[in-house]
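Here the protein sequences come in this chain order: A and B. The opening residue of the first sequence carries number 0 in numbering that gives the first Met the number 0; numbering runs sequentially from there. The opening residue of the second sequence carries number 0 in numbering that gives the first Met the number 0; numbering runs sequentially from there.
To be clear, the hints were calculated from the coordinates, so they are not data collected in a lab. Since this is a predicted model, take the numbers as computed values, not measurements. We put the CB at the ideal spot given by N, CA and C, even for glycine. Some hints here could point you the wrong way.
Claimed, not checked - So these bits of chain A aren't anywhere near chain B, every CB distance computed over 12 Å:
1. E8
2. P13
3. A14
4. A49
5. G56
6. A96
7. F136
8. G137
9. Q208
10. R236
11. G243
12. A260
13. E261
14. K264
15. R270
16. K273
As the list claims (entries may be wrong) - Label pairs and their computed distance ranges (CB to CB):
17. A/L66 / B/Q55: 41 to 47 Å
18. B/S319 / A/A75: 51 to 57 Å
19. B/L80 / A/S78: 44 to 50 Å
20. B/D8 / A/S130: 14 to 20 Å
21. A/N3 / B/S319: 54 to 60 Å
22. B/V76 / A/S253: 49 to 55 Å
23. B/V76 / A/E249: 42 to 48 Å
24. B/G50 / A/D172: 20 to 26 Å
25. B/D8 / A/R123: 22 to 28 Å
26. A/G15 / B/K342: 39 to 45 Å
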Amino acid sequence: MLANSERLEQLGLPAGALELLAKSWCAAHGAGTELEPDLQPTDGFLRFAADVVAIAGRFRFGAAEHLPATEKQKLAFLSAMKLDDLLLARECAEGRAEAWERFMLLYRETLYSAAYGITRSEERGRELADSLYAELFGLKEKDGERQSPLRYYHGRGSLAGWLRSVMAQRYVDGYRATKREVAIEEGEEFADARGFDASEERASAGGGQLEHAIEAEMAALDAEQRFLLASYFIDGRTLKQVAGLLGVHESTVSRQVTKLAEQLKRRVGKRLQKEGLSQRQVEEMMEVDVRDLEIPLKKILQGEPRAAYREQGGSAQAGEIAKGGGADD
Amino acid sequence: MTKLTEHPDANLLAAFMEHALSGAERMSVLGHLADCARCREIVFLAQEAAGKEAAQQAAVKPVKVRARWMSWSVAVVSAVLLATVGVTSWQVYERTHKPDGNVSPETVAKVMPEPNPAMNTGGNTANHPGNTANERNHTQANQVLNNTSVHAGFSAPAVAVTQAPAPLAEEKEAKKGAEINRPLGATSAAPGTLREDHPASQYEPAPPARSLIGQEQMARQDKVQRAVTAERYSQQPLTASYKSEQQAVTAQAAPAEMKTATVDVTTATQPVLETTPKSYNGTMAEPLRVRAYQSFALPDGKPAVSQLEQSGKIYALDKSGKLFVSADGGTSWREMNKQWKGKAVKLTRETAAADAVLLWNDKGKQWVSRDGGESWQPYTAPKNQ
Chain A
0 MLANSERLEQ
10 LGLPAGALEL
20 LAKSWCAAHG
30 AGTELEPDLQ
40 PTDGFLRFAA
50 DVVAIAGRFR
60 FGAAEHLPAT
70 EKQKLAFLSA
80 MKLDDLLLAR
90 ECAEGRAEAW
100 ERFMLLYRET
110 LYSAAYGITR
120 SEERGRELAD
130 SLYAELFGLK
140 EKDGERQSPL
150 RYYHGRGSLA
160 GWLRSVMAQR
170 YVDGYRATKR
180 EVAIEEGEEF
190 ADARGFDASE
200 ERASAGGGQL
210 EHAIEAEMAA
220 LDAEQRFLLA
230 SYFIDGRTLK
240 QVAGLLGVHE
250 STVSRQVTKL
260 AEQLKRRVGK
270 RLQKEGLSQR
280 QVEEMMEVDV
290 RDLEIPLKKI
300 LQGEPRAAYR
310 EQGGSAQAGE
320 IAKGGGADD
Chain B
0 MTKLTEHPDA
10 NLLAAFMEHA
20 LSGAERMSVL
30 GHLADCARCR
40 EIVFLAQEAA
50 GKEAAQQAAV
60 KPVKVRARWM
70 SWSVAVVSAV
80 LLATVGVTSW
90 QVYERTHKPD
100 GNVSPETVAK
110 VMPEPNPAMN
120 TGGNTANHPG
130 NTANERNHTQ
140 ANQVLNNTSV
150 HAGFSAPAVA
160 VTQAPAPLAE
170 EKEAKKGAEI
180 NRPLGATSAA
190 PGTLREDHPA
200 SQYEPAPPAR
210 SLIGQEQMAR
220 QDKVQRAVTA
230 ERYSQQPLTA
240 SYKSEQQAVT
250 AQAAPAEMKT
260 ATVDVTTATQ
270 PVLETTPKSY
280 NGTMAEPLRV
290 RAYQSFALPD
300 GKPAVSQLEQ
310 SGKIYALDKS
320 GKLFVSADGG
330 TSWREMNKQW
340 KGKAVKLTRE
350 TAAADAVLLW
360 NDKGKQWVSR
370 DGGESWQPYT
380 APKNQ
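So that you can see chain A by itself, here it is in the shape it has in the complex:
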């Protein structure tokens, strides 16, 4: 049977990684941060190290596909991981009392304030937070082992961020399950139920040319641009919210949105002209305001352009719209 130190060596940690792990371990357990090479690593430390290596391996240490990660890349990847949070999460998943004490000290506030912020209701927020806490604590057991979602936290992002994401997921999925519809604007439903207005008529009269042109031009945009358009035009998010998520300044997002909308309109116009329409016809078609382009745009961005065009061209029914708006669910 191999000694722990030999098993640790077999993990193939890059140079310097052991110190990183030891620092987190020693900080969590109150020991000094100096790694004493003469000491045998404990079983707990070995488990932690193995866990970290497994997680990092799953992401190929951040290396590109089909390329092995260099030692430097491995160390950089491990350095970027939130090892302290990961260790805490693992020890909580194992049911260690002192780990839970620390977790409550550090994250109780986060849990409840996130719940209130997401649900915008104290009562529902408390309910959400309490249920998540119970789930995290691992009240469920399987084969005698605690089942805690904390077991699945992998330390790429912070534990606080992970808790917020989990809570938001629970809320959104719960909301959708109870409401049996996706979040779409009431105006759109109503408009589709009402029938066409002139702009939609013109759009459909183009024989789908406009839609096809838009679809083609949208496909040419990269993921970030499509995300930008979807967030701003469909979800109605503010520039600040979108900027925060993309990690750019608000003014940058504003410029990009304006630029994208104009670019899209110009390219669609050119494409239509190439397809044989005259300038005047294109202008008439494009009198569909950019905002009106939202209608097919929304459907396109929600992943079902064909269905969207069919609905627009025929009689719209609220129920079908609800189903069609379910996106990838």
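Once you've looked at the hints, dock chain B against the given chain A.
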């Protein structure tokens, strides 16, 4: 870019929000988010929650700044109070420890404003009127630490029994934490009278009031003070016979060139001093005298940081590490040639030989002189020490 085939889990979403993903991973997640309203809703909700929490924490910060400011202001106020207490204590000390009953502290201060080689003060720089209370205490601490001479412990000039300090003044000093300002090992009365006037338990200095600053210094001085006290009284049991001894303590007015106050004590009951000046201007007669040190005025104008009396000579080191030797009780000084390496910082006795003096440099190396400081040789302590 690898397209995600399923919804990204909370780990990926959290890492995405915190910009912790690689470029390719980020584009994959963005590609999914562009097409998936559900996941977009999740990330925006989580992001909003994070923003609210950050805003709440930011709202708390000004209190911490205030607290930090408050701690600074408390420290400043404490420093001012300490300085005030120090000055007050010095004034009280001056009033209660007149070297000459007819000489007021003000006159003494006027007479001794500057270091004067002609003024043989006995060597304790700590009580130089020109020094601040803290400087005196610091110097005293160094002296005690550096000098095993018992003389260092007797840092306060003696006073007549009749001039024992008013209990109220002492009590006030103790309450104000003035122990820090009390010269080390010093009491308001001569050693011979102390044990009668002040029971041993009282002699143990009361813990001074602790201020926010200088606690370490106070602890160090307390430790030194206790050590000196224990040393002084280890040979002096409190007995009835001791009480009956003559306890006339006179503060002798030193000649103009000598500012040394001495205490007459009987030989039989006083602790045996390590050194006894064998001759001292002819003014010191038997019995033994305990020299109360005041500041040495070295020729270069700098106060002595370490001093030693041995075989009738006084050895003194100044701040710059120069060694001076006086054969006439400090009246005149001779600077000795440097025969050691480094900076000399301490003088001690060589325990094996009565007339040998050890000089320590700043690296801990020692040199010994057995000829009154004329020549110095490297010294290695014997193994049995």
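Okay, the hints, checked on the actual structure:
1. E8: Check passes; 28 Å lies beyond 12 Å.
2. P13: holds (17 Å)
3. A14: holds (22 Å)
4. A49: holds (18 Å)
5. G56: holds (15 Å)
6. A96: holds (25 Å)
7. F136: Given a closest Cβ separation of 17 Å, the condition holds.
8. G137: holds (17 Å)
9. Q208: Non-interface label on A/Q208 holds, nearest chain B Cβ at 24 Å vs cutoff 12 Å.
10. R236: Incorrect as stated: the minimum Cβ-Cβ distance to chain B is 6 Å, not above 12 Å.
11. G243: violated (6 Å)
12. A260: Holds: least Cβ distance 16 Å, greater than 12 Å.
13. E261: With a cut-off of 12 Å, A/E261 remains clear of chain B, as the shortest Cβ separation is near 19 Å.
14. K264: At roughly 19 Å from the nearest Cβ of chain B, A/K264 sits farther out than 12 Å, so the non-interface label holds.
15. R270: Per Cβ check, A/R270 is outside 12 Å of chain B; nearest 21 Å; holds.
16. K273: Given that every Cβ of chain B is farther than 12 Å from that of A/K273, nearest at about 26 Å, it holds.
17. A/L66 / B/Q55: 41 to 47 Å: Taking Cβ atoms as reference, A/L66 and B/Q55 lie about 43 Å apart, which means the hint holds.
18. B/S319 / A/A75: 51 to 57 Å: holds (54 Å)
19. B/L80 / A/S78: 44 to 50 Å: holds (49 Å)
20. B/D8 / A/S130: 14 to 20 Å: At roughly 19 Å between Cβ atoms, A/S130 and B/D8 fall inside 14 to 20 Å, so the hint holds.
21. A/N3 / B/S319: 54 to 60 Å: holds (59 Å)
22. B/V76 / A/S253: 49 to 55 Å: With a Cβ separation near 52 Å, B/V76 and A/S253 satisfy 49 to 55 Å, so the hint holds.
23. B/V76 / A/E249: 42 to 48 Å: Hint holds: Cβ distance 46 Å, inside 42 to 48 Å.
24. B/G50 / A/D172: 20 to 26 Å: With Cβ atoms ~22 Å apart, the hint holds.
25. B/D8 / A/R123: 22 to 28 Å: holds (24 Å)
26. A/G15 / B/K342: 39 to 45 Å: At roughly 43 Å between Cβ atoms, B/K342 and A/G15 fall inside 39 to 45 Å, so the hint holds.
Violation of the numbered hints given earlier is confined to hints 10 and 11; the remaining hints are satisfied by the structure.
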